[in-house]
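Trainee: So you can see what is in the structure, the chains are spelled out below.
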Amino acid sequence: MPQRIDVAKTWKLYIGGKFVRSESGQSFPVEHRRHGTTVHLCRASRKDLRDSVEAATSARSGWASASGYLRGQILYRMAEMLECRRTEMGEALGAGSNQTPKQRLEEVDASIDRLVGFAGWSDKIEQILGGQNPVPGPYYNITVPEPTGVVGIVPPDKPALLAAVSMLAAPLCAGNTTILLAPEQHPLPTTLLGEIIATSDVPAGVVNILTGTRDDLLGHMADHRAVNAISAVNLAEETLTDLRKRAAESIKRIHHERVTAPAWKKHEDRCSPWKVEPFLEMKTLWHPSAC
Amino acid sequence: MVAHPVDAIMLEQRAASFTRRSIKEGAKKQGLRLALSMVDLTTLEGSDSPEKVRSLCRKAIRPWEGDIEQPLPSVAAVCVYPNLVPTAKEILEGTGVKIASVATGFPSGQYPLSVRLRDAAEAVAAGADEIDMVINRGAFLAGRDEEVAEEIREVRSTVHPAHLKIILETGELGNYDTIRRASDLAIEAAASTGPIRDGEIFIKTSTGKIAPAATMPAVLVMLEAIRDHWFATGVRIGMKPAGGIRRAKAALHHLAMVKETLGDDWLTPNLFRFGASSLTNDLLRQIIRLERHRYMAAHDFSEA
Chain A
1 MPQRIDVAKT WKLYIGGKFV RSESGQSFPV EHRRHGTTVH LCRASRKDLR
51 DSVEAATSAR SGWASASGYL RGQILYRMAE MLECRRTEMG EALGAGSNQT
101 PKQRLEEVDA SIDRLVGFAG WSDKIEQILG GQNPVPGPYY NITVPEPTGV
151 VGIVPPDKPA LLAAVSMLAA PLCAGNTTIL LAPEQHPLPT TLLGEIIATS
201 DVPAGVVNIL TGTRDDLLGH MADHRAVNAI SAVNLAEETL TDLRKRAAES
251 IKRIHHERVT APAWKKHEDR CSPWKVEPFL EMKTLWHPSA C
Chain B
1001 MVAHPVDAIM LEQRAASFTR RSIKEGAKKQ GLRLALSMVD LTTLEGSDSP
1051 EKVRSLCRKA IRPWEGDIEQ PLPSVAAVCV YPNLVPTAKE ILEGTGVKIA
1101 SVATGFPSGQ YPLSVRLRDA AEAVAAGADE IDMVINRGAF LAGRDEEVAE
1151 EIREVRSTVH PAHLKIILET GELGNYDTIR RASDLAIEAA ASTGPIRDGE
1201 IFIKTSTGKI APAATMPAVL VMLEAIRDHW FATGVRIGMK PAGGIRRAKA
1251 ALHHLAMVKE TLGDDWLTPN LFRFGASSLT NDLLRQIIRL ERHRYMAAHD
1301 FSEA
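Line by line, the protein sequences give chains A and B.
Going by our numbering, the first residue of the first sequence is number 1, and it counts up by one from there.
Going by our numbering, the first residue of the second sequence is number 1001, and it counts up by one from there.
Don't read these hints as lab results, they were simulated from the structure.
C-beta atoms are modelled at their ideal positions from N, C-alpha and C, and glycine is treated no differently.
Any given hint could turn out to be false.
What the hints assert, rightly or not - DSS-like, lysine-lysine: derived pairs with alpha carbons at most 30 Å apart:
#1 B:K1249 / A:K12
#2 B:K1029 / B:K1259
#3 B:K1028 / A:K47
#4 B:K1209 / A:K12
#5 A:K124 / A:K266
#6 A:K18 / B:K1259
#7 A:K47 / B:K1029
#8 B:K1249 / A:K47
#9 A:K18 / B:K1024
#10 A:K283 / B:K1052
#11 B:K1029 / A:K245
To be verified - Over 12 Å on every C-beta distance to chain A, these chain B residues come out as not near it, computed from the model:
#12 Q1110
#13 G1263
#14 R1292
As the list claims (entries may be wrong) - Looking from chain A toward chain B, a few residues come up when the C-beta cut is under 7 Å (computed):
#15 G94
#16 H224
#17 K265
#18 D269
Bound conformation, chain B alone (with noise of 0.2 Å):
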């Protein structure tokens, strides 16, 4: 694996430069649009039940009751436990709103590979569409590239053809070197198992549950891999930053970033993806603000 290493002050620099894009008015109208496509609802708590699932696929169909000119586009997945996939089927089958499932030891990964596998394997035939996975870290950070580069492989051949997202957990990664390393390795990872088609393939920056989840810089670096290995073989492989992105403001950031990094082809659910939960309803809030020309209150959103 050929190394990247990475200039810290010019990425962060470049990062903060996509937050100074002036975007308004019908590009602003498109763009938040685009975002709530783009969104994988998520709800990854002990607490979730059936029914919080069900009301938020309920929501991923169709995120606001309310009149709108131009129906809003539906969300791209609803994102939960492996235990909810069933009861996120009943919802959403046929509805085109895809179900990802995070799976091998969510989130940490600390346990042993047959365990991680079926629980992939179960999420599978369960039901999932796509499958979030979560690197072990402890093995990366380690230096055991190869065995982290191995799983990956198994993980993918179990749960071919669903799609797969492999969570880096950048916050836990502590450098952009690191980050950039990682990503080379997952993708090189998922690659090596086969052809891959556009989209297949995820990178996602984190799990969620530890601070800092997806900072601008972080995706930047993981974007620039996707980018290099796009241009050495042609194959496109998507992007999910997932936590920490709550406003509309920072959703257009994101898509600005992705934009002038990979082009208009990654502009689309297929390529990219946002982790979210709060952010639909800052989407939902900004485009109504738009349509109106008023500002709505939280409470005219059902919970996300």
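Okay, chain A solo, but in the shape it has when bound (with noise of 0.2 Å):
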């Protein structure tokens, strides 16, 4: 019997709901620390960017539309689909850090509780942040959330995977879509992230994942006049400064935190609908009453 030659997985982009190379040809290693090799991902260029800002755009409505029950559902389908993979993925986690199998595990069910945690606010963020205001008149006055429209994520490069879930499935439970950049030093969680929502009903275009280095990318975000938010954590102040100037032309909305390693643990904190809030647009009605 001839040996048995290894299939290795090419990871890919994350575009529109189809699985793609980077436009510009190039990638970038990765080491693989538990396996002693060496990961080649794709290098994401500004044309990838411009793609998935499109898909995106194109998402806006009918994710926006759909209900928040049915939001929740899918975000519960991810949780069930990273449960099912969970062994793999914290292998991917692995590849970058030197957490132990056991800590690694722990990461991933937190994230997949993190996913189950924003699924159970998505039908009641309207409760809870919108309502009727009372008035001296007669009249009505009801706050009405909205999500914002496109927002960029950029998590931290750890936690690799808690941290990017966590970022992501605020403003996608908001009826926002999203374009990911995977943390730099980190990217396989990320990568692999995006094999769990191609699985799980997400339409195509409400989240996009892309691999790469932040400074291709981040700028032309940021420049970008369909993207409407920017989700960010621990940029460097010269960094941070420089994107909101560029983001001021838009007016796009810069939510950015400080937030140490563990604290990402804190189920309680970081999966309030204060996390929800900053992607939301408050529509206020008033309406004659009937007396």
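Both chains come to you apart, so use the hints to assemble them.
Mentor: And the structure:
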């Protein structure tokens, strides 16, 4: 019997519901610490970002108008799919960190729970953040939250999966479409997340995942007028200032936080409606009351 | 009429080859502006209202309200149903933007000839500079070529001196041989009514009401028919692909195809048009991106 040759996975970008290679044809190497091998990932370019924004823009109205109930079911489905691939995701987490196998599985489990948490919030956000406001006059005054639109997400390197999942699920459950830049130093878990999303009935274009360097992409994301918000954590002061300046031209929302790695584990903090609120626009309506 | 059989495989390969031209920077800037100046900004819906046509006309004159170095060209024409020609005329008179009207029982052409001729005559009387007529596909597909030719001649005499665009509806013709035969038939019929000036007669792929509309191989067959007529007579017939061209990149592919099939003479709105609506905004997006080095959002542009 001839010896069998392993079939290695080609890691690709996830744009508009499809796994594609970078338009640039460029790749960058990532060490897989556990296997002692080098994995080559696509180095997404400006044009890949543009394609993602196109996909996210066309998916916008469908996802925003889906009921919170349906979005919740789809987020829950993501949790189910991640649970099925728990071991594989644990391996992917081992590629770029020194966590013990137990710690890695704990992170996967926390990520699954985070998805379930946001799945629960998706049909409750409107009641919590919106409502009928008391006004002095014969009017109904009603506030309704609406999704901001296309949200760019820039998660930190650690914890590679839990932070990305938390930052993704928050805008997602509120009806935003997203472009996720995989953590530069530790991109494998996020890339694998694309395969989970692709099998979770998430409509094409609602989540797009790019690997590559932040320097290549972040500026263009800030400049692109069809991106409505950017969610980032722990950016260097200079990067953040530049990002804010460039985003101001299109009145883009920049939501930036400083979060320590252990803080992501605090489920009550990180899975609250206040993590969703930055990606909502409040619409207030006046209506004459009957009397 | 001499038959010109088409080699379908070579045709498709040749048409596909135009999508692989590298058009960058300066050439791209020029190409995009040229394409913009060739657009027949079109609205052909049952729901078209005078105000929609007015706003389309304003967009035709000045495609974008923002500031841009080197002002943008106006589009070539606005294309509407005959009822809306007077509305378009109010706004477009004297601007250089032409008024095109579909007529002759658009889009099916399945009406008595007298009705179709009156349709065309009234559109011209209302002020249309160009008439987009549909051929009688029923008669053509049944092999009654002479009937089709005679109808084209009558329409041409009715609308003269307005320019005439003859819609073949290539998506209904089945194969490339038939498209070529229809192109030759249309050109010869129009030419037989008397001398024609360059750009006075166009052939046009589609109504935009059925798919497939303007595919690149279909357009190439028609360009070849135009080329052969030009070689034989020295007269330049115009070409208008319509329907399905939504992206600036597709417009550039078409320009490459025209240049390499017919030459630079045809790279003018007098001889080449795009029948489109959403193409305009994509052209604008690309033009402005090249100027400002940032991508625009769809909401930065008025509806087309």
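Trainee: With reference to the structure, classify each hint as holding or not holding.
Mentor: Verification of the hints:
Using a Cα cut-off of 30 Å, the hinted pair K1249 of chain B and K12 of chain A holds, with the two alpha carbons roughly 25 Å apart. Between the alpha carbons of K1029 of chain B and K1259 of chain B the distance comes to roughly 16 Å, so the proposed pair stays at or under 30 Å and holds. The suggested pairing of K1028 of chain B with K47 of chain A holds, with an alpha-carbon distance near 16 Å, which does not exceed 30 Å. Between K1209 of chain B and K12 of chain A, the direct Cα distance comes to roughly 38 Å. Violation of the 30 Å bound is thereby established for this hinted pair.
About 21 Å separates the Cα atoms of K124 of chain A and K266 of chain A, which keeps this hinted pair within 30 Å; it holds. A threshold of 30 Å between alpha carbons decides the hint, and for K18 of chain A with K1259 of chain B the separation of about 35 Å lies outside it, so the pair is violated. Restraint check for K47 of chain A and K1029 of chain B: satisfied, since their Cα atoms lie roughly 18 Å apart, inside the 30 Å limit. This hinted pair checks out: K1249 of chain B and K47 of chain A have alpha carbons roughly 14 Å apart, not beyond 30 Å.
A distance of roughly 27 Å separates the Cα atoms of K18 of chain A and K1024 of chain B; the hinted pair therefore holds under the 30 Å criterion. Between K283 of chain A and K1052 of chain B, the direct Cα distance comes to roughly 28 Å. Compliance with the 30 Å bound is thereby established for this hinted pair. Between the alpha carbons of K1029 of chain B and K245 of chain A the distance comes to roughly 28 Å, so the proposed pair stays at or under 30 Å and holds. The Cβ of Q1110 of chain B sits about 36 Å from the closest Cβ of chain A, beyond the 12 Å cut-off, so the non-interface label holds.
A cut-off of 12 Å between C-beta atoms confirms that G1263 of chain B is not in contact with chain A; the least separation is 32 Å. R1292 of chain B, annotated as away from the interface, has a beta carbon of chain A within 12 Å; the closest lies near 9 Å. With 7 Å as the threshold, the beta carbon of G94 of chain A stays out of range of chain B, its nearest partner Cβ sitting at about 38 Å, so the hint is violated. For H224 of chain A, the interface hint holds, since its Cβ comes within 7 Å of a Cβ in chain B; the closest pair sits about 4 Å apart.
For the restraint placing K265 of chain A at the interface with chain B, the shortest Cβ-Cβ distance is roughly 37 Å, beyond the 7 Å limit, so the hint is violated. Using the Cβ-Cβ criterion of 7 Å, the hint placing D269 of chain A at the interface with chain B is not satisfied: the shortest such distance is roughly 34 Å.
Comparing the model with each earlier hint shows violations of hints 4, 6, 14, 15, 17, 18; every other hint is respected.
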